[in-house]
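When we follow my numbering, the leftmost residue of the sequence shown carries the number 608, and every step to the right adds one.
Errors might be hidden in some of the hints.
[Unchecked claim] Here are the simulated lysine to aspartate or glutamate pairs, DMTMM-like style, with alpha carbons at most 20 Å apart:
hint, residue 1, residue 2
1, Lys888, Glu858
2, Lys642, Asp630
3, Lys883, Glu893
4, Lys881, Glu858
If you are wondering where the hints come from, they were derived from the structure by calculation, not from laboratory data.
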Amino acid sequence: MDAKKTIIKNNLHKKNIHRHGYDFNALVKTHATLKAFVINNPYNQQSTIDFSNADAVKALNVALLKKYYQIIRWDFPQGYLCPPIPGRADYIHYLSDLLSGTQIEQKRKVTVLDIGTGASCIYPILGARAYGWYFVASDIDTLSIKTAKINVAANKNIAKHISCRLQNNSADIFHGIIQPNEYYHLTMCNPPFHKSLADANTGTTRKWKNLHQSSKNAKSDKQNALNFGGQKAELWCQGGELSFIGKMIRESVHYQNQVLWFTCLVSKKDHLSKLKLYLKKAQVKEVKIINMAQGQKISRFIAWRFTQKPS
608 MDAKKTIIKN NLHKKNIHRH GYDFNALVKT HATLKAFVIN NPYNQQSTID FSNADAVKAL
668 NVALLKKYYQ IIRWDFPQGY LCPPIPGRAD YIHYLSDLLS GTQIEQKRKV TVLDIGTGAS
728 CIYPILGARA YGWYFVASDI DTLSIKTAKI NVAANKNIAK HISCRLQNNS ADIFHGIIQP
788 NEYYHLTMCN PPFHKSLADA NTGTTRKWKN LHQSSKNAKS DKQNALNFGG QKAELWCQGG
848 ELSFIGKMIR ESVHYQNQVL WFTCLVSKKD HLSKLKLYLK KAQVKEVKII NMAQGQKISR
908 FIAWRFTQKP S
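Based on the provided sequences and hints, a complete structural model is requested.
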């Protein structure tokens, strides 16, 4: 079939190269494996893929990374999260806006710490290619760090921009990662938001069923649910998202002179009021809530800093 362009709601960041949709003809030329997964949407006659099929989503991501970011090798083990690239890119672009509104030393290279980078190492890859930023990518999962290192080393255009570090203590976030002589313009994080494994499994099943029901060609095998699977550290932690970000805020106090902006995604809007109280208690100087939108999904991240001095 001749793949048509799939139109996405034009509410992604204005700098997001994916805001006008997927050009499947061009993507298939870039990554031939994707062709087998391109189907016709009977509702609007546009090309699409079965987003409940983990292999299809992965093939789309590989094509996007090859075409728009010149990433020639990107892979991760089965059962790890497969991130939607347009939404991940939005976080990067809004972070750029945050920095643009802050006085910083122009000659200093922008350095970012990604907490919980995952096996995909997607945020550092996108940030390095879109803006030339330098990253430290951390995770508590040994295989995630091993895989991230392989992906980074395989692409010369990012190899010198990304350093991967294993967090040896699962109870820590910044401790053990930020070294005494280091300075970061930004920290970023897509936190685990479920409180338990049971909650995570329920959320995964619900999400997969919704896509399965909306896709004419979706398969009924459990393997496809891995698209929304992920390892423990990617999906849940004791106390869930609110507890995790609360701990991040408490730890950030110890690194207030080494980080310009701390940031973290917040999936539940209801958590913002408590997080603002935590930040007030930590005596931060400035707090911002940055709203984002991908299609019908509304997302946001919270940003805080302790110093007003340019760095």
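Against the structure, the hints:
Simply put, Lys888 and Glu858 have alpha-carbon atoms about 13 Å apart, close enough for the 20 Å limit, and the pair holds. For the suggested pair Lys642 and Asp630, the alpha carbons sit about 12 Å apart, so the restraint of at most 20 Å is met. A threshold of 20 Å between alpha carbons decides the hint, and for Lys883 with Glu893 the separation of about 10 Å falls inside it, so the pair holds. Pair hint Lys881 plus Glu858 holds up; C-alpha atoms about 17 Å apart against a cutoff of 20 Å.
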